[in-house]
Amino acid sequence: MLLEAKHLTKTFGSHVAVNGLNLQIGRGSFTALLGPNGAGKSTTMNLLIGLTTPSLGQVSYADQVKRGVVFQNSVLDERLTVTENLQIRAKQYRHVAKTKVAAVSAELGLTAFAHQQYGTLSGGQKRRVDIARALLNDPDILFLDEPTTGLDIQTRTAIWDLLRHLQRTRELTVVLTTHYLDEADAADSVYIIDHGSLVAAGTATAIKTRYAEDVLQVTSSDVDRLRARLTVAPTECDGNRLIFKLSSPQDALEVLTTNRELITTFEFRPGTMDDAFLALTGREMR
Amino acid sequence: MLAMIKRNLLLYFRNWSGVFFSLMGALISFVLYLIFLKLNMLNSWSHVPHATRLLDLWLIGGTLAITGITTTLTSLSQMVIDREKHVTADLQLTDAGPLRLQLSYLLSAAVIGVIMQVAMFAIMLGDFALTDHVTVTISQAINVLGLMVVSALLATTVNAILIQGVRTVTNLSKLGSIVGTAAGFLVGTYIPIGLLPTFAQYLVKLTPGSYVAALYRQLLMDDRLDTIFRHAPVARLNFEKLMGIRLDWSGLLTPSATYHIIGLIFIGAVILTVGPTWAKQYHQRRRLRKQ
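Keeping their order, the protein sequence lines are chains A and B. The first sequence finishes on residue 286 if you use UniProt numbering, and the numbering steps up by one all the way, no holes. The second sequence finishes on residue 291 if you use UniProt numbering, and the numbering steps up by one all the way, no holes.
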């Protein structure tokens with residue numbers, strides 16, 4: 001294990017932000033921490049990074065692990081150019097080569113706007129510079145706190161491609177938090193946190209299979225006759241439309257094939273991370 | 001550390017409006033003098049020969065002290081901004097260490113303090129040279145330059161104490177306005193110290209900047225005072241006391257006494273600002289070594 005957290009707990013006064021969390025992060029893995037607002041994701045990140053000291057429990061790293069962090073809000077200077085920003089940060093490390101800034105800029109495609117002030121860049125460009133900054137000391141593990149929040153879908157995809165690319169080429173371990181649950185599909189392991197505690201862990205597929213139900217929606221010309229013939233009870237009935245929550249696509253096929261002459265249209269949607277997430281954390285707003 | 005100093009300097013000088021507003025206290029003092037105070041004060045000193053030039057130099061002394069205070073404070077603001085924007089957290093993860101980081105903020109503030117005092121000195125001297133034919137000798141200029149360094153270092157460390165308790169940028173700008181407005185009064189530039197009520201005089205004497213202002217005035221005015229008051233030593237003492245050229249602590253302070261006071265305040269301020277950071281770093285390192 002590259003990083004292991006045992007019984008990680010952090011309290012602020014009487015408020016328990018993180019409650020006895022156990023996490024294991026393997027070398028070269030891609031981990032996503034999910035949770036609603038205020039669930040304790042950022043506190044967990046800060047504990048793992050070492051910026052906050054835990055009230056109880058401990059975080060242990062393998063020997064000589066270099067950390068890189070992309071903070072939720074940018075920590076670079078708006079009035080300095082991209083190169084100036086990176087060069088100043090690079091000089092804060094003892095063993096970063098002089099050519100590093102140019103190398104990272106080329107790798108992440110920053111050269112076109114390297115001499116532009118950071119404040120004038122677009123959201124996606126800024127994010128790439130933030131990631132470049134975090135890569136300056138050749139980290140073994142990269143933490144990203146909501147790296148794609150507020151970005152358009154093209155930029156989000158590009159950032160994800162970049163992260164996956166970095167993970168593969170540099171054997172980088174990636175840990176990130178996100179609000180976009182579909183993004184977690186690409187992660188090797190997913191931790192869902194709520195109220196500071198772990199509510200689910202595993203691969204995205206495993207979590208979806210276990211916690212997300214498939215949704216089948218059918219319309220019928222004769223709803224009453226259809227209802228009488230059903231073996232599975234619909235969860236919702238709205239005019240001539242029936243909605244079923246099912247545990248597998250087989251169940252949906254069963255409903256559809258046995259009643260095919262009564263069904264006019266249908267729609268099947270496999271359970272998503274959103275469904276699993278809502279099932280685990282509830283519908284209440286935080 | 002050099003990279004961080006460069007960064008802080010770039011951030012200060014690229015923000016033109018910030019540079020201008022950090023000079024506000026000094027500019028107000030200068031403009032106020034040109035428009036209102038000069039005539040007023042000249043009337044009360046009409047019996048003194050070359051009173052205009054003398055007062056011009058007096059004003060330069062006080063305004064330079066204000067410049068030192070306000071510009072170093074603006075530069076130190078970066079410390080609070082960085083804390084609020086989590087830049088400090090980012091830097092904490094590098095090899096820089098908290099002590100070097102803090103020293104880089106303090107040193108860049110001092111450098112900015114010197115540069116801006118040189119700029120204000122050039123502006124004021126240029127104006128007074130054109131209008132009132134004021135001149136300074138080379139040795140005076142060199143001494144003034146040395147005092148600018150002292151002034152900047154003192155103002156930086158004293159401001160660093162003030163800024164320690166400030167956590168948000170909003171509170172910081174409030175502190176900035178208070179300091180900017182108060183500095184002119186507290187170093188006895190808007191109104192000469194001798195014209196203030198006793199309590200206000202105490203406040204002035206409690207302000208480190210007023211000792212710097214006094215030294216500037218001595219450096220710039222001494223040779224002229226020597227000529228003007230050659231036959232009236234008592235009148236000279238009264239003038240020096242009234243105008244804050246020498247401050248009165250049961251007797252007027254000599255220049256070396258004034259330097260001593262400044263030195264002690266500086267050392268105290270360094271202990272109060274750098275001390276806690278040093279202790280924190282020391283304990284951190286010790287804990288790491290034990291692990």
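Rather than coming from a laboratory, the hints here were simulated on the basis of the structure. Computed from a prediction, not measured in an experiment: that's the story for all the values here. It cannot be assumed that every hint is accurate.
To be verified - In silico DSBU-like pairs for lysine-lysine, Cα to Cα no more than 30 Å straight-line:
no. : chain 1 : residue 1 : chain 2 : residue 2
1   : A       : K98       : B       : K241
2   : A       : K126      : A       : K100
3   : A       : K126      : A       : K98
4   : B       : K174      : A       : K6
5   : B       : K241      : A       : K100
6   : B       : K205      : B       : K174
7   : B       : K205      : B       : K6
8   : B       : K174      : A       : K98
9   : A       : K66       : B       : K174
10  : A       : K66       : B       : K6
11  : A       : K98       : A       : K66
12  : B       : K85       : B       : K6
13  : B       : K280      : A       : K6
14  : B       : K38       : B       : K290
15  : A       : K66       : B       : K38
16  : B       : K241      : B       : K38
17  : B       : K85       : B       : K205
18  : B       : K85       : B       : K241
19  : B       : K85       : A       : K66
20  : B       : K290      : A       : K100
21  : B       : K280      : A       : K126
22  : B       : K6        : A       : K126
23  : B       : K241      : B       : K205
task: Take the C-alpha atoms of K85 (chain B) and K241 (chain B), compute the straight-line distance between them, and say whether it is at most 30 Å.
output: violated (47 Å)
Straight-line alpha-carbon gap K126 (chain A) to K100 (chain A), limit 30 Å = holds (19 Å)
So if I understand the rule, the pair passes when the alpha-carbon distance is 30 Å or less; does K85 (chain B) with K66 (chain A) pass? holds (23 Å)
Query raised in the report: Within a Cα-Cα threshold of 30 Å, do K174 (chain B) and K98 (chain A) meet the stated pairing?
Result: violated (41 Å)
Review point. Is it true that the CA of K241 (chain B) sits at most 30 Å from the CA of K205 (chain B)?
Key: Within the cut-off at roughly 12 Å; holds.
ask   = Can the restraint linking K98 (chain A) and K241 (chain B) be considered satisfied, given a maximum Cα separation of 30 Å?
value = violated (58 Å)
(message) Tell me if the straight-line CA distance from K280 (chain B) to K6 (chain A) falls inside 30 Å.
(response) It holds: about 27 Å lies between the C-alpha atoms, which stays within 30 Å.
Checking one constraint from the list: CA of K38 (chain B) to CA of K290 (chain B), max 30 Å. Satisfied?
Judged against 30 Å, a Cα distance of about 66 Å means the pair is violated.
### Task
Given the hint that K241 (chain B) pairs with K38 (chain B), test it: the Cα-Cα distance must not exceed 30 Å.
holds (19 Å)
**Restraint status (C-alpha distance of K98 (chain A) to K66 (chain A) at most 30 Å)** = With a Cα-Cα distance of about 19 Å, the restraint between K98 (chain A) and K66 (chain A) holds, given a limit of 30 Å.
Holds or violated: K85 (chain B) and K6 (chain B), Cα atoms, limit 30 Å.
Given that 30 Å is the threshold and the Cα spacing comes to 19 Å, the pair holds.
Q. Taking only the CA atoms, is the gap from K66 (chain A) to K6 (chain B) under or equal to 30 Å?
A. holds (26 Å)
Hint check: violations occur at hints 1, 4, 5, 7, 8, 9, 14, 15, 17, 18, 20 and 21; the rest are consistent with the structure.
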